[in-house]
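Given the coordinates of chain A, work out where chain B should sit on it, guided by the hints.
Line by line, the protein sequences are chains A and B.
In this text, residue positions in the first sequence follow our numbering: the first is 411, and each later residue adds one.
In this text, residue positions in the second sequence follow our numbering: the first is 411, and each later residue adds one.
Rather than coming from a laboratory, the hints here were simulated on the basis of the structure.
Warning: the hint list may mix true and false statements.
It does not matter which identical chain is meant; a pair holds if it fits inside one copy or across any two.
Quick list of in silico lysine to any residue cross-link-like pairs, SDA-like style, CA-CA up to 20 Å [what the hints assert, rightly or not]:
#1 K739 x R600
#2 K739 x N704
#3 K739 x P579
#4 K531 x Q578
#5 K739 x G520
#6 K739 x P540
#7 K509 x P497
Letter by letter, the chains look like this.
Number of protein chains: 2
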Amino acid sequence: MSFPTNPDLVHALRGDAVESVHRGALAIVDADGALRFALGDITRPIFPRSAVKVLQALPLVASGAADAFGLSNDELALACASHGGEPRHAATSASMLAKAGLDAAALECGAHWPSNDTAMKALAREGREPQALHNNCSGKHAGFICVGCLMARAQGAEPRAFVRGYLQPAHPVMREITAALQATTGADLRQAPVGTDGCSIPTYGIPLQNLARAFARIGTGLGLSEGHARAARRLRAAVAASPFFVAGSGRMDTRVMERLGERVFCKVGAEGVYCAALPDPGLGVAIKMDDGNNARAAEVVMAAVIEALAGLDDGEREFLRGFSELRLKNWNGIEVGALRATAGLRTALAAS
Amino acid sequence: MSFPTNPDLVHALRGDAVESVHRGALAIVDADGALRFALGDITRPIFPRSAVKVLQALPLVASGAADAFGLSNDELALACASHGGEPRHAATSASMLAKAGLDAAALECGAHWPSNDTAMKALAREGREPQALHNNCSGKHAGFICVGCLMARAQGAEPRAFVRGYLQPAHPVMREITAALQATTGADLRQAPVGTDGCSIPTYGIPLQNLARAFARIGTGLGLSEGHARAARRLRAAVAASPFFVAGSGRMDTRVMERLGERVFCKVGAEGVYCAALPDPGLGVAIKMDDGNNARAAEVVMAAVIEALAGLDDGEREFLRGFSELRLKNWNGIEVGALRATAGLRTALAAS
Numbered sequence: 411m412s413f414p415t416n417p418d419l420v421h422a423l424r425g426d427a428v429e430s431v432h433r434g435a436l437a438i439v440d441a442d443g444a445l446r447f448a449l450g451d452i453t454r455p456i457f458p459r460s461a462v463k464v465l466q467a468l469p470l471v472a473s474g475a476a477d478a479f480g481l482s483n484d485e486l487a488l489a490c491a492s493h494g495g496e497p498r499h500a501a502t503s504a505s506m507l508a509k510a511g512l513d514a515a516a517l518e519c520g521a522h523w524p525s526n527d528t529a530m531k532a533l534a535r536e537g538r539e540p541q542a543l544h545n546n547c548s549g550k551h552a553g554f555i556c557v558g559c560l561m562a563r564a565q566g567a568e569p570r571a572f573v574r575g576y577l578q579p580a581h582p583v584m585r586e587i588t589a590a591l592q593a594t595t596g597a598d599l600r601q602a603p604v605g606t607d608g609c610s611i612p613t614y615g616i617p618l619q620n621l622a623r624a625f626a627r628i629g630t631g632l633g634l635s636e637g638h639a640r641a642a643r644r645l646r647a648a649v650a651a652s653p654f655f656v657a658g659s660g661r662m663d664t665r666v667m668e669r670l671g672e673r674v675f676c677k678v679g680a681e682g683v684y685c686a687a688l689p690d691p692g693l694g695v696a697i698k699m700d701d702g703n704n705a706r707a708a709e710v711v712m713a714a715v716i717e718a719l720a721g722l723d724d725g726e727r728e729f730l731r732g733f734s735e736l737r738l739k740n741w742n743g744i745e746v747g748a749l750r751a752t753a754g755l756r757t758a759l760a761a762s
Numbered sequence: 411m412s413f414p415t416n417p418d419l420v421h422a423l424r425g426d427a428v429e430s431v432h433r434g435a436l437a438i439v440d441a442d443g444a445l446r447f448a449l450g451d452i453t454r455p456i457f458p459r460s461a462v463k464v465l466q467a468l469p470l471v472a473s474g475a476a477d478a479f480g481l482s483n484d485e486l487a488l489a490c491a492s493h494g495g496e497p498r499h500a501a502t503s504a505s506m507l508a509k510a511g512l513d514a515a516a517l518e519c520g521a522h523w524p525s526n527d528t529a530m531k532a533l534a535r536e537g538r539e540p541q542a543l544h545n546n547c548s549g550k551h552a553g554f555i556c557v558g559c560l561m562a563r564a565q566g567a568e569p570r571a572f573v574r575g576y577l578q579p580a581h582p583v584m585r586e587i588t589a590a591l592q593a594t595t596g597a598d599l600r601q602a603p604v605g606t607d608g609c610s611i612p613t614y615g616i617p618l619q620n621l622a623r624a625f626a627r628i629g630t631g632l633g634l635s636e637g638h639a640r641a642a643r644r645l646r647a648a649v650a651a652s653p654f655f656v657a658g659s660g661r662m663d664t665r666v667m668e669r670l671g672e673r674v675f676c677k678v679g680a681e682g683v684y685c686a687a688l689p690d691p692g693l694g695v696a697i698k699m700d701d702g703n704n705a706r707a708a709e710v711v712m713a714a715v716i717e718a719l720a721g722l723d724d725g726e727r728e729f730l731r732g733f734s735e736l737r738l739k740n741w742n743g744i745e746v747g748a749l750r751a752t753a754g755l756r757t758a759l760a761a762s
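One chain only, chain A, in its complex shape (with noise of 0.2 Å):
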C-alpha cells in the first residue's frame, strides 16, 4: 500500500486563498464493469471501512433472516446504517435483536458517545454513560447476529451461544459476511490486505475500481446473485423509505437520501472512504481521501458526482451544490471561507 500522488479534488477555501488541500482518488464503473471515469490510483487496494455496510447487510435479507424475523424498512436502513446514536437509533438496534430473541449484551462492537451533537448532550445531561445501543455500528451488529440466530435455529442450537464471537472471521456468521464482499466486489479477499475496523470487524483492502463496481451492481442487480440483487433491491428501498436511519440528523447520507429517494443510494465511510449506487445512469462510485481524516472532503467529491452525474434537476442540483461548495462560518457566524470541489474534479466530471 504505498502511496501515489493523486489529483487535488477538493479546496479548503479562506478568503480567497486556498488553505488546505484534499487529494484523492475516484472510480465510477458502470453495470457492466467498465470503467467509465477514474481519477488517481484506483488499483491500490484501500479499506472500505463502513461505507460497504449495505454489501455486508446483503446476507441479512438473502439468507431469510429479515423475513423471519420481521424486520422493518427502518431495521433494514439501520443495518446499513453509520448511525449518530440518536434514541430512535438506539431503540431500533434494541428491536432488531429483540426480534431475534436476543438484546443489547450480543452486541460485541464496543460502546462510544453518540456522534450527533444533541444526543450526546442529552445522555450526558441525564448522567448516563453511552452503550453498545449507541454504537454508530450498532445496527450493522445488529444484523449479523440475526443472520446468527437464523443459522442457530435451523441447527438447532442456543442463539445467544452460537453468534458469540460473531465478529471473528472464521466465525460462520462473518464467513457469510465476507462472501458477500467477495461476491460484489470481484476481489479475492483471500489474498487482501487485513485490518481490523472500529467496532472490531475485519477490514479488507479493496481496489476504488473494484469498490464502484460492487456499488454498480447494487444499483442495477446485474452481475449479482439472484439472492443478492433481491437483497440490494429491498436494502435500497427501505433506505430510501427510512433515510433518518441510515446516518442521522443533519447528515449528508440521510439529507440526500431525502431528497432523491431510490435514484442514488450512498454510504460514507471512515478515513475518508464514500461509495454509492447511482441506479438510473447505472453507475457505481467509489472515492477514497489521501488524508482520510475526516469526512468532510469526501463529502464535497461524492455531492460533485451526484451533481454532474445523477441525471438530476435544477432544484436538486442547488441542493447538492450546498454539499459541494459548503460556506464555512466561524464562531459569531462570519463566513470565513468554503470547501469546494476543484476547477479539475469538475471539469473532469462534465467531460465524462
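Chain B in isolation, oriented as in the chain A frame:
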C-alpha cells in the same frame, strides 16, 4: 496560493497497511535567520491560525499591560493558549478581564462548547450553554482587551467603549498585534493574503520560513526589539510554569511543556499548523500539513522534530515517541493501527 506536491510526512496505518497519508511542509530556521532544514514548499504563504498566539501576546507584556494589571503566570499562559474550555481556563479568562476592570461582555470571540470532553459534558449535565469564556481563544482576547484598557487609561478614555471592536484590523489594539506579527516574522503583512480566523480576528498568510524565523527569535531573543525580547522570555517562562493554561488536560502542548519546561515552547494551530521554539539549539520550527483537517498529523511531525533536535535524553525521547508513533485503539480497546512519522521525515531529520 496554488498547492505544491509536498512530501509524505505521516502515515496512518491499519494493521500493517498504510490506510491514509498526510503530506506537508516543514521549515527549521536558526537564530541568525538561516534556514537549517526544509521539506516541501516553505515559501508559499500559509495562514498560521492559533500557532502564533505567543507572537500576538507580545504586546500584552511589552506595552506594560501585564504589569499594570498584575497578570499571573496562569494568565499570561492563557493569553498564548488554545485552551480546552475547562473550568480553570474560563475562570482565568474572567480574572484577566476583571483585573483590567471589565468582564466577559467585552469578549468578541463568540462562544463554542469546550473542546475538553469532560468540561463539555459537565456543562451539558448542568443544563448550561457555553459562553465566550469557554471559547478556546478567550485568553488571547482577554489579553488583547488588557492592552486596550491600558491604552484607554493612557488616553483618559472610557475602557469599555475604547476596546469595543478591538478585533477589527484598524482598531489601535489590533494594529499593535499586527505590528508584533510583522516585526517578529519579517513578513510584509500589507502584501499578504488575509482571512478571518475562527475567533474573528484577521489571519495573515505568512511563509513557513518566516514563521520558523519568528519562533527562533522567540526562543533566543535575537532579532527582537528589547521589549519583545523581554516579553518573549516572560511568556515562555509563564507557559513553562503553567502549561495547563496553554492547552489543557491531555493535550500535547500541555504534556510536552509539563515534561520539558522551558526547553520547548510549542503551539498548535487550526488546519494542521504547528510552530515551536527550541531555545537551546536556538531553532524555530514551523509545520503546515496540506490537508489541514485536524491536528493528528501535525502533532506527529512536531513530536518527531522535538525528538530529533531538542537534545533530549533517552527517557524524554521515549516520551516524545508516544506522540510520533501513536498507537490507535478501537472502541473495544483493540490496537488497530498507528499514526507514524514517515521514514523519509525521520531520515531527513537525522541527517539535519
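Okay, the hints, checked on the actual structure:
1. K739 x R600: neither (46 Å within a copy, 25 Å between copies)
2. K739 x N704: So K739 and N704 pass the 20 Å test inside a copy (18 Å) and across (17 Å) alike.
3. K739 x P579: between (45 Å within a copy, 19 Å between copies)
4. K531 x Q578: neither (33 Å within a copy, 34 Å between copies)
5. K739 x G520: Classified as between; 12 Å across copies, 34 Å inside a copy.
6. K739 x P540: between (30 Å within a copy, 18 Å between copies)
7. K509 x P497: within (18 Å within a copy, 46 Å between copies)
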